[in-house]
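Engineer: We have chain L already, so just place chain F on it with the hints.
Heads up: the sequence lines are chains L and F, in that order.
Heads up: take any position in the first sequence, counting from 1, add 77, and you land on the numbering used here.
Heads up: take any position in the second sequence, counting from 1, add 2, and you land on the numbering used here.
Among the hints, a few may not be true.
[What the hints assert, rightly or not] List of simulated lysine to any residue pairs, SDA-like, C-alpha gap at most 20 angstroms: (1) L:LYS211 to L:SER222; (2) L:LYS97 to F:GLN75; (3) L:LYS169 to L:ALA212; (4) L:LYS211 to L:LYS169; (5) L:LYS211 to F:ARG7; (6) L:LYS97 to L:LYS169; (7) L:LYS211 to L:ARG269; (8) L:LYS211 to F:ALA57; (9) L:LYS211 to F:ALA27; (10) L:LYS97 to L:ALA153; (11) L:LYS211 to L:GLN147; (12) L:LYS169 to L:LEU221; (13) L:LYS211 to F:ARG54; (14) L:LYS211 to F:GLU47; (15) L:LYS97 to F:TRP67; (16) L:LYS211 to F:ALA60; (17) L:LYS211 to F:ARG46; (18) L:LYS97 to F:ARG71; (19) L:LYS169 to L:ASP129; (20) F:LYS23 to F:CYS35; (21) L:LYS97 to L:GLN147; (22) L:LYS97 to L:GLY151; (23) L:LYS169 to L:GLY151; (24) F:LYS23 to L:VAL250; (25) F:LYS23 to F:ARG7; (26) L:LYS211 to F:LEU59; (27) L:LYS97 to L:ASP133; (28) L:LYS97 to L:ARG154; (29) L:LYS211 to L:VAL250; (30) F:LYS23 to F:GLU33; (31) L:LYS211 to F:CYS35.
Treat the hints as calculated values from the structure; they're not laboratory data.
These numbers come from a predicted model, not from an experiment.
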Amino acid sequence: MSPSAGLRQPEEADAALVHKARSGDLNSFGELVRRHERTVQGIVTRMIPSSDDAEDVVQEVFVSAWQGLQRFRGDARFSTWLHTIAVNATLKRIRQMRRHGQVSLDDPESGTAERLAADAAGQPFEQAVSAEEKAAVRRALQNLSDNHRMTVVLYYFEEHPCEEIARMMGCSVGTVWSRLHYACKKLKQELRDLRGGDGAPGARGERSDA
Amino acid sequence: MNCRRARHILMQEAAGALDEKRSRALRGHLERCPACAAELEDLREAGRIFRRARAPLADPSSPVWESVREQLQAPAGRKNAPARRPLLWGVATSFAAAALAIAGYFTLGTFTPQEGLDSPPAALRSVAPQEAPPPQVRGPQPPAQSAERPPVTAAEKSSFAQAKVPAASLPAARRSSAMPPYRPHRPMAGRPAPEAPPAGVVAWSLPAAPVAEAGRGGYGDTDAAGTTRDFHLRPRAVSDHEKRSKGLLLAEPPTEGPAAAWAGGGEISAGVAPAPDELEESARALEMVYTSPDGRARTILDY
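This is chain L alone, in the form it adopts within the complex:
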């Protein structure tokens, strides 16, 4: 696609908006917010159970982005930079919530896993998820660390490539694959447990793999 074409690549459009926003153009920043709010919400709300807290964090992410815009040098895509802020802000808020004994993320009644695996009022899925599978996903996510859960959210739910996830989370690509591997094994283990241990051989051994 020609750079001069009317339909520019999203990255180029972002770069132009960032350039204007850095000089203080609030409207350009507003356009950036609108372009990226959905993905930021995806990261935050799939991790934080309380919708009030989640909305708060989403706003905080954009406020932080505005304040830190001078630091964005354009080496990475703006979206990656912004999502990194979202990941950091989300993980930080979860830690705070846990520290202050607020809503437990492990509480199945209010936890993230419930939302992640929810049927969302009968929204159609590409393929139906059985109740058993939903329960297994919920339990697997409850038992994962924040970093593992975030990796699952970014990869399977928000569909970011592993390389980008590695940048967002400040780890290597190998670690992203390793976390996904662990999360998938955890899910399979939960499924086996729910099905009454019909896949029992080797099942216990799988839990030990980190």
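Structural biologist: Just chain F now, kept in the frame of chain L:
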């Protein structure tokens, strides 16, 4: 390929992300190993379930931009404009100054952190190889060669000069002030434990820009066997007490920009984990890495 190696890449195979060569090698192993083949099938199925379990997002109760704009336009002072002075840059600068202090301490023994924070010791510059480009001091300029600074002793100069590594012996990338694209920054398992930089390493360079751009907090390290390990720079506030106890002044970098860059043996790099949600804090976790001319990296400051 054995099972251990196969399981390292099973997830990539399950996601269809493995290159053809490694995929072929893995398939060869899977034909002989039912356990790994079963695990691959487990991973594929789990991935399918995760994807299907994705729930649609609920709409926010109020438009995001409206709420954000209200906050940005509120008369709260610092939120009203993009920060003029990039904090990350500033923090990197202050830590760079701290690195100088530490390098000076390890190297010459008698430099105090305060001296290091202000400027490179005069001795370091005086012995820089003549053929090397002039030292670039972009950041904290010495506060005008202040009279309080004690002179460097002849013994210090001597000890430095003996151990100095000529800049010409280094690869060009190490002599420049540009940040190398990748740098292992923590000893890997099996390597010797971290140790202080050897005496005499006094010429070093800092990246022209913060090591970690906003959002990038760590680097991977792939060893000769192809195993990738990761390291983290974790954001953490540093208390005043900690600053005092470490003898470091971290709060206010003297000027903007990287602290300094010298050609010479070894490098010290500073990495700052971005914490955009912690802009109020004046210092955060940082890792200083010393890379010797032979390419070995050691963490010399990590907090």
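Engineer: Checked against the structure, which of the hints given earlier come out wrong?
Structural biologist: 3, 4, 5, 6, 9, 11, 23, 27, 29 and 31
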